[in-house]
Amino acid sequence: NAGVTQTPKFQVLKTGQSMTLQCAQDMNHEYMSWYRQDPGMGLRLIHYSVGAGITDQGEVPNGYNVSRSTTEDFPLRLLSAAPSQTSVYFCASSYSVTINSPLHFGNGTRLTVT
Amino acid sequence: GQQVMQIPQYQHVQEGEDFTTYCNSSTTLSNIQWYKQRPGGHPVFLIQLVKSGEVKKQKRLTFQFGEAKKNSSLHITATQTTDVGTYFCAGPNAGGTSYGKLTFGQGTILTVHP
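These protein sequences, in sequence, are chains A and B. Okay, so the first sequence: first residue is 777 according to the numbering used here, each after it adds one. Okay, so the second sequence: first residue is 7 according to the numbering used here, each after it adds one.
These aren't lab readings, by the way, just hints derived from the structure by calculation. No experiment lies behind these values; they were computed from the predicted model shown. Just so it is clear, CB atoms sit at the ideal spot from N, CA and C, and this is done for glycine as well. Fair warning: there could be bad hints in the mix.
[What the hints assert, rightly or not] Across the chosen pairs, the derived CB separations fall in these ranges: (1) A:S872 x B:Q9: 17 to 27 angstroms; (2) B:M11 x A:A778: 32 to 42 angstroms; (3) B:G22 x A:G829: 50 to 60 angstroms; (4) A:D814 x B:S32: 13 to 23 angstroms; (5) B:Q86 x A:D814: 26 to 36 angstroms; (6) A:N883 x B:G22: 29 to 39 angstroms; (7) B:P45 x A:Q798: 20 to 30 angstroms; (8) B:G59 x A:G816: 30 to 40 angstroms; (9) A:S794 x B:I13: 30 to 40 angstroms; (10) A:G816 x B:V90: 17 to 27 angstroms; (11) B:G59 x A:S856: 47 to 57 angstroms; (12) A:N804 x B:G46: 24 to 34 angstroms.
Input sequences plus hints: build the corresponding full structure.
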């Protein structure tokens, strides 16, 4: 199993550009989520999904969209990139929606918005 | 909303010294999870504590969950250079429509000097 796969690893965008961060898992996990990591702020939840066709907002959802058309994929879309979205983005999945099961993280995407 | 506070933010130790990081929640937690992130890497699940007053050990690491289930600690005995990284605690939001959200502390960055 590959686990949780994120692409790309690095990305540089200009302000106003749009892009999609890809996330796929091959563990048949119900739960998938996106976090951003900034220095001194820990990991903050952007959006999450408890199953195909179901998504919900996390702590910092503004400026991001998600969809969950299949169990495996959970892409994160930046509609109009802003410098404040410069961060490291992690996709994570877990077996159960009850949040008692541990999160499996991807390797991250380092995004810079100029 | 729920807050999970972690202290200290940074800890520098000499190899062989002990290390402790503390996690405090503003609300009672049903469980708490601990993760380790190596420099440049992604968070990796270490352990989950569920019961009030629970203590679990993994080799040199000792994890505790407070009696009131609002605080937790991670203690490392005789640190080694392989312990370097950021340690996060994470707790689930309580009930309601927030069951899919896992809130992370800000993390403690551990540096070990050989």
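Hints and how they fare:
For S872 of chain A and Q9 of chain B, the Cβ-Cβ distance of about 24 angstroms falls inside the hinted range of 17 to 27 angstroms, so the restraint holds. Between M11 of chain B and A778 of chain A the beta carbon distance is about 35 angstroms. The supplied range of 32 to 42 angstroms therefore holds. Between G22 of chain B and G829 of chain A the beta carbon distance is about 53 angstroms. The supplied range of 50 to 60 angstroms therefore holds. At roughly 21 angstroms, the beta-carbon separation of D814 of chain A and S32 of chain B lies within the given 13 to 23 angstroms, and the hint holds.
Checked against the hint of 26 to 36 angstroms, the C-beta distance between Q86 of chain B and D814 of chain A comes to roughly 29 angstroms, which is consistent with it. Taking 29 to 39 angstroms as the suggested C-beta distance range, the pair N883 of chain A and G22 of chain B conforms, at roughly 32 angstroms. A hinted range of 20 to 30 angstroms for the beta carbons of P45 of chain B and Q798 of chain A is consistent with their spacing of about 25 angstroms. A hinted range of 30 to 40 angstroms for the beta carbons of G59 of chain B and G816 of chain A is consistent with their spacing of about 31 angstroms.
Taking 30 to 40 angstroms as the suggested C-beta distance range, the pair S794 of chain A and I13 of chain B conforms, at roughly 39 angstroms. The supplied range of 17 to 27 angstroms is met by G816 of chain A and V90 of chain B, whose beta-carbon atoms lie about 18 angstroms from each other. G59 of chain B and S856 of chain A have their C-beta atoms about 49 angstroms apart, which keeps the hinted 47 to 57 angstroms range intact. The hinted window of 24 to 34 angstroms between N804 of chain A and G46 of chain B holds, with their beta carbons roughly 29 angstroms apart.
In summary, this structure violates none of the numbered hints.
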